[in-house]
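Undergrad: Please build the complex by placing chain P on the supplied structure of chain R, with the hints as guidance.
Protein sequences appear in the order of chains R and P.
The first sequence runs 1 to 198 under our numbering.
The second sequence runs 1 to 198 under our numbering.
To be clear, the hints were calculated from the coordinates, so they are not data collected in a lab.
Owing to the predicted nature of the structure, the values given are computational and were not obtained by experimental measurement.
Treat the hints with care, since some could be wrong.
Which copy is meant is left open, so a pair is good if it fits within one copy or across any two.
To be verified - Think about it this way: if two alpha-carbon atoms lie no more than 30 Å apart in a straight line, the pair counts; the simulated DSSO-like pairs of lysine-lysine are:
hint	residue 1	residue 2
1	Lys128	Lys78
2	Lys55	Lys71
3	Lys57	Lys78
4	Lys57	Lys128
5	Lys63	Lys78
6	Lys55	Lys150
7	Lys55	Lys128
8	Lys71	Lys57
9	Lys128	Lys150
10	Lys150	Lys57
11	Lys150	Lys63
These are the residues of each chain, in order.
There are 2 protein chains.
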Amino acid sequence: MELWFDLASNYSYLTLMRIEPLAERAGVSVRWEPFLLGPVFEAFGWNSSPFVLQKEKGAYVWKDMERQAAKYGLPWRKPARFPQNTVHAVRVALSGRDEPWVRPFCRAMARANFAEDRDISSAEAVRKALASLGLPVEEILARAQAAEEKPRLRAQVQRAQALGIFGAPTFFVDGEMYWGNDRLEDALDAACAGASRP
Amino acid sequence: MELWFDLASNYSYLTLMRIEPLAERAGVSVRWEPFLLGPVFEAFGWNSSPFVLQKEKGAYVWKDMERQAAKYGLPWRKPARFPQNTVHAVRVALSGRDEPWVRPFCRAMARANFAEDRDISSAEAVRKALASLGLPVEEILARAQAAEEKPRLRAQVQRAQALGIFGAPTFFVDGEMYWGNDRLEDALDAACAGASRP
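Chain R with its partners taken away, still in its complex shape (with noise of 0.2 Å):
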């Protein structure tokens, strides 16, 4: 199964929280595919989230947000900035993707993002986050920041285009859709099903 997110996104940050034990429980392994929402939003002729451009769902959503995550019992705390510049935290994901590292770097950008309210958009900020976990910040920011990684960014959003994503968290399992974190429980479903097939 795969899981892509945002660290911008909200709804990102339930499923990032949620993710880990659910797939465990259900013998899934998932692939986490970082990218950014915004130069999606922006192919649409939208110039920020549609939480900001329709007031009627954006005053909605922080309602929902609050009670979505007490429902699951995770910290909660209405962004003051969103969405929030993610370029920084999500080249850095990307970057290293597959290293063990990367779930717990992804779970703190998106509780300072949505539990903390605090800004994630900075290098500075990307660099505290990795250096609180205890990680090799400069050996992460240098692989980070290489030649390589910014068109491997861009060809990752437009992955995601081409996939037909528009909004996040998005799952794929078998080649099939399942959008917004009410439907990882739907697609953990799906990928159970998938594997024990003969």
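TA: For chain P alone, coordinates are given in the frame of chain R:
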């Protein structure tokens, strides 16, 4: 608890088919509030459903509907016409809102739309649905076509807008909004908790 819905809305179909046994089990009484989503979308500057206007989301929604209907054990057929004009049907539903025939009528119309792929927009289609339920067709239609019913439906749409409704189905519990079939269980849980408060 209140349920706001449009017979043109595919996610309303899932809720209309599910809500009665769930509400009964939860001991929650639900007031049905039929309205038209079209004028709400028009006020946002949209000339159709977002599932038509945003083609990436639209492509996804029909896959999602197929899977959600299967999950709930509900019949489903992708409608050839979407969204249908439901002004006749919704006027009938609103004119008899508190009468016992309205709920089976709404389910029959939603099923015709989303499980049988039938035209539900004409006055004739509404007439046939009433007749097939063994209802006093002329009496019901005479009331729905009375002079006061047009402004009544207009006022109902304005109430929806004043409440901040931006989609359907939408639930209200103690003034709090819950949006979408995915929140039906949460809304019922909240209504239960509210009812048992001292």
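Undergrad: All hints are to be evaluated individually against the structure, with a verdict given for each.
TA: Now the hints, each set against the structure:
1. In the homo-oligomer, the alpha carbons of Lys128 and Lys78 lie at most 30 Å apart inside one protomer (22 Å), although the nearest pairing across protomers, at 50 Å, exceeds that limit.
2. For a Cα distance limit of 30 Å, the shortest separation of Lys55 from Lys71 inside one copy, 24 Å, qualifies, whereas the shortest one across copies, 32 Å, does not.
3. Taking the shortest alpha-carbon separations for Lys57 and Lys78, both the intra-copy value of 15 Å and the inter-copy value of 26 Å come in at or below 30 Å.
4. In this assembly of identical chains, the alpha carbons of Lys57 and Lys128 never lie at most 30 Å apart, being 33 Å within a copy and 37 Å across copies at closest.
5. Within a single copy, Lys63 and Lys78 get their C-alpha atoms as close as 9 Å, which meets the 30 Å cut-off; across copies the closest is 32 Å, which misses it.
6. Taking CA atoms no more than 30 Å apart as the test, Lys55 paired with Lys150 passes between copies only; the shortest distance there is 29 Å, against 33 Å inside one copy.
7. Within a single copy, Lys55 and Lys128 get their C-alpha atoms no closer than 34 Å, and across copies no closer than 40 Å, so neither meets the 30 Å cut-off.
8. Within a single copy, Lys71 and Lys57 get their C-alpha atoms as close as 20 Å, and across copies as close as 27 Å, so both meet the 30 Å cut-off.
9. For the homomeric pair Lys128 and Lys150, the shortest alpha-carbon distance inside one copy (21 Å) is at most 30 Å, but the shortest distance between copies (61 Å) is not.
10. Proximity of Lys150 to Lys57 under the C-alpha cut-off of 30 Å is restricted to the inter-copy arrangement: shortest distance 28 Å between copies versus 33 Å within a copy.
11. With identical chains, the CA atoms of Lys150 and Lys63 are never at most 30 Å apart, being 36 Å at best within one copy and 34 Å at best between copies.
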